[in-house]
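Working from the sequences, and respecting the hints, build out all of it.
In the order they appear, the protein sequences are chains A and B. Our numbering numbers the first residue of the first sequence as 17 and each following residue consecutively. Our numbering numbers the first residue of the second sequence as 498 and each following residue consecutively.
If you're looking for bench data, these hints aren't it; they were derived computationally from the structure. Quick caveat: nothing in here was measured; it's all calculated off a predicted structure. For glycine and all other residues, C-beta sits at the position ideal for the given N, C-alpha and C. Watch out, some of these pointers could steer you wrong.
Below, simulated DSBU-like cross-link-like pairs (lysine-lysine); rule was C-alpha separation at most 30 Å, straight line [to be verified]:
1) B:K658 to A:K178
2) B:K658 to B:K786
3) B:K816 to B:K792
4) A:K204 to B:K525
5) B:K731 to A:K283
6) A:K190 to B:K683
7) B:K654 to B:K739
8) B:K778 to B:K788
9) A:K178 to B:K710
10) B:K786 to A:K283
11) B:K786 to B:K525
12) A:K48 to B:K525
13) A:K178 to B:K654
14) A:K204 to B:K566
15) B:K864 to B:K739
FRET-style restraints, in silico, Cβ to Cβ [to be verified]:
16) B:G793 to A:G189: 42 to 52 Å
17) B:S826 to A:V350: 53 to 63 Å
18) B:N734 to A:L177: 30 to 40 Å
19) B:E553 to A:A357: 57 to 67 Å
20) B:S826 to A:G201: 13 to 23 Å
21) B:S826 to A:M351: 54 to 64 Å
22) A:L177 to B:G753: 49 to 59 Å
23) A:I156 to B:N734: 45 to 55 Å
24) B:M823 to A:P111: 48 to 58 Å
25) B:K731 to A:R345: 40 to 50 Å
26) B:A712 to A:I156: 48 to 58 Å
Not the full set, but computed from the structure, chain A residues with beta-carbon under 7 Å of chain B [said to hold, decoys possible]:
27) S170
28) L318
29) E320
Residue-level listing of the chains:
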Amino acid sequence: MAKQKKISKAARTYLTSFILVGGFWGAIEAVKLSGGLSSKAAGLLIPVCAYIMMAISLNLVVGFLGELSLGHAAFMSAGAFAGVFFYNTAGAGMPEGAAIVLAFLIGGLAAGIFGVIVGVPVLRLSGDYLAIVTLAFGEILKNVLNSLYIGADSAGLHFSLKDQFSLNMEPTGKVLMKGAMGITGIRKFSVFSVGILLIALTLLFVLNLMNSRAGRAITAIRDDDIAARSIGINLTKYKLMAFVSSAVIAGFAGVLYALNFASLVAKKFDYNLSINILVMVVLGGMGSIPGAIIAAVVLTVLPELLRGFSQYRMFIYSIVLIIMMLFNRAPAFVMWRQRMALKFRSGKAGSEKEDAGKKKG
Amino acid sequence: MKKFVCVAMSGVLAASFAVSASAADQIKVGGIGPTTGPAAIYGTAAMYGEQIAVDEVNKAGGAVQFDWKFEDDTHDAETSVNAYNSLKDWGMQILAGTVTTNPCLAVGAEAVNDNMFMMTPSASSQDVIDTGDNVFQICFTDPNQGTASADYISSKKLGTKIGVIYNSSDAYSSGINTNFQAEASKVGLQVVANEAFTDDNSTDLTTQVQACKDAGADLVFLPIYYTPASQILKAANDMGYKPKFFGCDGLDGILGVEGFDTSLAEGVMLLTPFVATSADKATQDFVAKYKEVSKGDTPNQFAADAYDVIKVLAKAGEKAGITADMSASDICDALKATITDPSFTYDGLTGTGMTWDASGAVSKEPKGMIIENGEYQPIDGESVSASTEAETESE
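Below, the structure is given as structure tokens:
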């Protein structure tokens, strides 16, 4: 106990986060080697990684910046479409490694640009405006992507928001993106280790940011923006820094997620997904990175574990959610937990003393 | 005495082994579809349809026996792949799914990887069968439906000025519309209004109906599902606009919408492969069984398609001589060879003389239906030509 106290809080977060992720990776690889990994578990790996990144990303905005984003799935969507579009077209002729790295960079960049577009006007304001604007942004992006047609022929790319025929392509032209059908026939790239690597990079970036001068400015804004301004912190700059980084991470997560499936539709990245990710953050405890990781894993895997209950699945899922939320947050539960922890500790201490006493005797 | 008991016991033991062995002889067929969420009505219907067919196949006691399991995918690609993987863990050898298009595309890619034979009852996009040569459809592809509708309207001279109201956020609807527009310009139909709505603003469709009315459309083509269609019919009725309405298989079910005055659907025409009120014995048997299984519902075409999928699998399986101890990939190769063989045809609830080519698309005739007195009547049949004549006379 005494030893743990000596380690700073920041270092402890580092340790727990990396041990969690490393342990997760090690455990999965071990099971994989032994051949005991079921198809279901194998199929869940990449989505879980993507959701972990989304939860960390949103945590940056909700937990550390103290602003509410209700359209985080839109940044994921922007990254997913940009990255997959590149990987499927220009990336097809490149060496695999270069194509993947570029796809991720392009996905992150696309999401980052949208982050700047949304963030610059809104983050100048204080209040709940970000929640409203991100909510609207998510819906706009979803509907635009839902009606966007892109085709390619020898003359280059053609765009249309109407239908396939308004693309005016040569007969040999290929339609790359078909409105509500989205992008189909995606060359899949799903490597679990890449997912883990991305999570590790995300963690490294976020934890370093939080422990830097900028990170302290960001948390200062969260705690009291007037006080922060009075000591000369540029509010908009630091708010933007947190928000855009978060959008870029969401973009990476989007590329990772989308490359795991053969088809990609904008409908997936709707309001429900944004809220789902928000639930992960809230359940994990706002501002807690290890908490967000655990919550993301639990909330992604839980509906699949409950498959046996067939149509009662979502019913049980929501009850479990409520119970977990109460257990984490309700004052009565928190008190009870603290009491139990105390009892456990004193009990342990007592038995240690007893042991010591026995030895003496 | 002891000896006798011993023999008897071993006999029982052997018998029990025999029983379990016959259970192991069952080929494991998986189904995937949305039984919860916004598209639950389609997945549930398909689930019941498959269940009825599997029971019939096993009861008939042919060479091919099925062990069947159905998983929910909530009409989401990610969940659908999860469902596919959990069915694979269960030991699935053939996939009878998935019901909806986008999930089917994602699952199709996995099935191609595993060389798992799959036949979808209702994922109607062309892209579905383009996924791989192990993916088959029993429904028409969207392009076919759009083209067939335009041809049908023009050859029967149902209308000259066409208005279209479609759901631009839905793959099914925009897919049909795209091909309808292409064919319409070929066969000389004049499309005077092409109005879109999305899932998010489908609660009030008055504007779209008004636009069709203003454009003077005498036939409104509705390549959409029945819930928004019921609102369109109501809106048209409220504004005293009485064009002909023509839809595709998505309109099937419009008579069952809760709180909808079905008299508004009188005269609505649709192309659908299955009609629950049809008089033939196979259909009536199926409807009766479906009502029993679903506790009172009338089957729609999704149920009939799914039923046919299982029956096709059984028929092709028997012909190909597949057995439960074969791997999914071997079964796939055997079924592929059999089903694409020109000598293989299947007569079912959703069409007769169905054949498949290597692309995976089915070849069968579309049936035109018109709603009269709250029931579907075939447009093509004898009674129909009489009724259309009567209609033109009254006009």
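Report task. Could you tell me which of the hints above the structure violates, numbers in ascending order? Result -> Violated hints (numbers, rising): 2, 3, 10, 22, 23, 24, 26, 27 and 28; every other hint is consistent with the structure.
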